[in-house]
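J.: These two chains come separately, so use the hints to put the complex back together.
As given, the protein sequences belong to chains A and B, one line each in that order.
Be aware that the first sequence starts at 25, since it is given in this note's numbering, and climbs by one per residue.
Be aware that the second sequence starts at 171, since it is given in this note's numbering, and climbs by one per residue.
In case anyone wonders, no lab produced these hints; they're calculated from the structure.
It is possible that part of the hints are untrue.
Listed next, the in silico EDC-like pairs over lysine to aspartate or glutamate satisfying Cα-Cα at most 20 Å (straight line) [said to hold, decoys possible]:
hint, chain 1, residue 1, chain 2, residue 2
1, A, 225, B, 460
2, A, 225, B, 459
3, B, 190, A, 124
4, A, 225, B, 456
5, B, 275, B, 230
6, B, 396, B, 474
These are the residues of each chain, in order.
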Amino acid sequence: MNPNPKKEVLLQVRDLHVHFGSRRHPFEAVRGVSFDVYRGETFGIVGESGSGKTTIGRTIIRVNPAYSGSIQFHGQEITGRISRQLDREIIEKIQMIFQDPMASLNERAKIAYIVSEGLQGRGLKKEEIDARVSKALQDVGLLPEFASRFPHEFSGGQRQRIGIARALVMNPEFIIADEPISALDVSIRAQVLNLMSQLQKERGLTYLFISHDLSVMRYICDRIAVIHRGKFVEMAPTEALYRHPLHPYTRALLSAIPQPNPLVERNKVLEVYDPQAHHPEQNRAWCDIGDGHYLLGTREEILQAGQTVHGT
Amino acid sequence: MKDTILSVTDLCVDFHLRGKTLHALRGVSLDVAEGESLAIVGESGSGKSVLNKNFIGLLDANGEITGGSIRYYGMGDKLRSTPEGGMDEEGRAYVELTRIPSRNKDWLRIRGSEICMIPQDPMTSLNPLKRIGAQISEALLLHHGMKGQMAYDETIRILEDVQIDHPQERYRQYPHELSGGQRQRIVIAIAIACQPKILICDEPTTALDVTVQAQVLSLLHQLKDKYRLTILFITHDLGVVANIADRVAVMYAGDIVEVGTSEEIFFDPRHPYTWALLSSLPQLGERGEELFTIRGTPPSLFTEITGDAFAMRNPQALMIDHRERPPYFSISPTHRARTWLLDPRAPKMERPGVLDRIKELGGKTDESKS
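Isolated chain B, as found in the complex (with noise of 0.2 Å):
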């Protein structure tokens, strides 16, 4: 395996509303390698975006950091004299991202440059009253300190780099000139710019079609290729993970319940969690049957969870997952799956037989073509 780039551990995140406490992230733990790429999927609320917001120090004002780590590796040496530096047990140096404090200004020197975000929908986040070579040149100057002729032959470099045309024309123009997948690819661009290490992609493609969400997931690929990034990728599209994932991370109530290469969550899924959410795919019904659907909705994350988050919407839940939380069981080196089922004295329980679908998929569309 590659080196980690990142490692988070035990990450607890609450927030302050109202009076109340809401358990947002409830003791997460993750390593991502460097060079790979690793999709968090998880319906709305199950804190995908709060774990991100985390790495680039943008948690919101009422939200609170209340224990675990979060290594970052990717700086070296750079801020070792920081009181957030530290050298692990194996001799490399890291940055604990939870110590720097929200208005620090060493977050500048992360934020961007390192770990950077693209968010999720182009059409308002480009500034509507800058051309749109300002705005990647923005990101030049106060990266790399570039000026004038230098920055804009860089600016145009880097729009031809996400495909596009006419980019001499297009540094002129301004956001609304463009559609909607070709703000996307300026917002890459901008964050292409920086040269970040990791690149955080919240959901970049709900907002656009179908023809255009094809035509960025492969300009991502390519991409990740050039520029050796490492890919956080947040949705709730499994057909999008498919394409661009090399790892997934299941996320539900402000935790993580099944980690592993996306064959393995695909082709051999052990948490009923993800059973579940693959199960109710549309993709994998027959027209006239009824589609699988995940009864009730999600915990609300102001109680405190006992058990297993999902055992309240399982049907075939153990008496156990109410009463214990489960602990992670490996099933092999890159898969590991947090569920009493895997539990050597657990008694068997066989996936649904819908899933095996999926090995189908697409294979029909191919014949058809030929």
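Next comes chain A alone, as it looks inside the complex (with noise of 0.2 Å):
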């Protein structure tokens, strides 16, 4: 299964569904997913709102419980039922940073206790938890004095490195970032993209990403992931991915990035994607055509997009 025998496989999910509303009338979010992630790498899922790329994330901390499928972590299920001593392991290894820092955080807690909210509990010596919370603060860029203050006083880019630090407070291993960067300025953006790939290099994190930006993926990912409308449609190596997109979904949302050029963009083409245009889903198949590439589409297209990518 895993073609890349060097690679430890650190989260393994396998045709996940995820269905909310009645058992009757389902809304099926995602309809069957299986993907690798990598110890070590950055993992992007890019796809427009509703899409379902959220729900990955959020039934992979178990908070969403999944319909069918499985995740496994480190080999092991997650799940469904499982004992209590796993659940804490789950919550200590995988964290998750979330999007807009400004709705995040409690607004009447003082950071010192939004930050340490996870060790509560564990048994741990409060010196050790405040000691914990200061070393997580300076890790990200903050001074340790902060943890006596509200959210309130700290700007956009501050609150999303408190974030973070609520993040690492935990020695987590797996990190789920659910468009970490979206609602923060430009200038900040760069900053925070920053720390994250710092902090991936001196502790070895593993990242999912997910994200509606294809311009932010391609800088921090390694391996992307397109949704649309609950199923990937694609899946590659960043780099293979841009220059042979294969499904038409993949290049719409390409060709609709706006890049910083102006001569560019004046004599763009816009790509849209109509899925009423594409053959019925049916016949579809989600195959590897090599090299990790992996494409949802029918036996001709297959073969095709095998052609356009090993061809020439």
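T.: Below is the structure:
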């Protein structure tokens, strides 16, 4: 199964389905998604709003229950009913950074409490908790004194750093970052991105990076999966995806990125993806066309795609 | 150059907050030509929205214009007899917008029918209790006195103009039945129904997906040609700027630090802040390398700023940057920047090499498509 035996699979997702609503009229938010995340890499999921990308992240940290399929972390099944001990372990190892730093911090709690909340009730001494909080704050480039302040005293970029500190204090292995920079200003974005890659280098963190912005993904991700209406349509190493976008939806997404170059923008031709014009869905299969490049397509499309990538 | 439609000179706006004074705009000067699209770029808090609110007389109650003028030339002689009307040196009639009191009736003849604004978030800017059609025909009734069948026909025509499919059905629907992109089109439709000369777009695409954003931008391009609009586009997304703008004004700490055509700003930027803003774009970064970041935070506008506002965050600031505010230096007839680096006595400073990558951007993706 593992195409690259050198890399260790940290998280394995197989045929994941997530349903919302009643059992009789379910809304299928995620419809059969499979992927591996290797230790130390940054895996990106890109798609428009409502495509199910956030739901996948939330299902991994067990906020939303999976309807069917499996999620394995370190080879251990973490969906459905699991032992209390495993649950605690996962809370420690998998952490999440949220999109909007203005909304995701408790307005009435001090930073010390916000950051330390995950450590409470684990039989740790107060001194140890305080030490870990100030260490986490320093790691994200904030001063330990900030622990006694309230969230409203901080700017957007600083708040997002607090959000990152809250994840780091648990010493996680795997961080799910759900649009961590889309609510930030341009100049602050670069700071947070740098911080995230620096932490990854120092601690060997693995990221699942969820975003709708392909221009940022290219900079930060090692591999990218494109999701459309609850299904992955294409997954590839970043450069391969940008060089040979095979699925029409991927091409539409790529052509829609605004480039900061007025000459290019003026002559741009938008590609619009019309799912109706595409062949009916039932004959489509999720196939590997080589070099870790996966595509959802019919037999002919897969064959043609293989020629585009490997031909010439 | 085409006729100027809006001319801002040395505009200063202060806000009074809990006994303190915040200098939101510190002497902004800007000319907007008829039919162009001008993008105003800056971080949050740089004053770009405050500047535009002055044009429609919607400055917050604690705000005060302390100096400068805004002349609007689009109305001809219509408001000539009012105290705000006037004639400039070349004999063109104008309206002095800073002199109209905020609740004056004259604003009703300007706001909407002359200068119109598209707000940021389409989710909150439509009335959830009224049908789409009623919200658009309301604008037709108020601004053109259209009623009944005539207003209905016109509304359908406008809905078609903003590329809403099945306009007859949409006319009877409520905002919650539409997606974000469609709602933004409805908001644009309301603005267009007023037939304004200037359309102010306040980050109209930040709440939208990339694909929808691209469609809304191309819609704005088409409407601009069809209705001969002058577009003022407020944004912090430089990719969007490259798409829509003929000219770009870069704002920092309540001041325009650089203004020029979009080619000049993207390919030949001169102000250190513009350099920094462009260099920090993730599109220019290579994976594995650190992205360029601007150190520190924007200066507090509660305190008086001496010298160049960006000097504190600029590692290569000159001594004079901390002491004296730079004037505008012209690089070309359309391009000027407020930085001492352009003074003939200043040491030669090379712009960051990373900026040369801008020219290659997008070129690569073109190859891959073919």
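J.: Now look at each hint and say whether the structure bears it out.
T.: Outcome of the hint check:
1. A:225 to B:460: It holds: about 12 Å lies between the C-alpha atoms, which stays within 20 Å.
2. A:225 to B:459: holds (12 Å)
3. B:190 to A:124: Distance of about 29 Å is beyond 20 Å: violated.
4. A:225 to B:456: Satisfied, since the Cα-Cα distance of roughly 16 Å is no more than 20 Å.
5. B:275 to B:230: holds (18 Å)
6. B:396 to B:474: It is violated: about 45 Å lies between the C-alpha atoms, which goes past 20 Å.
Checked against the numbered hints listed earlier, the structure breaks hints 3 and 6; every other hint is satisfied.
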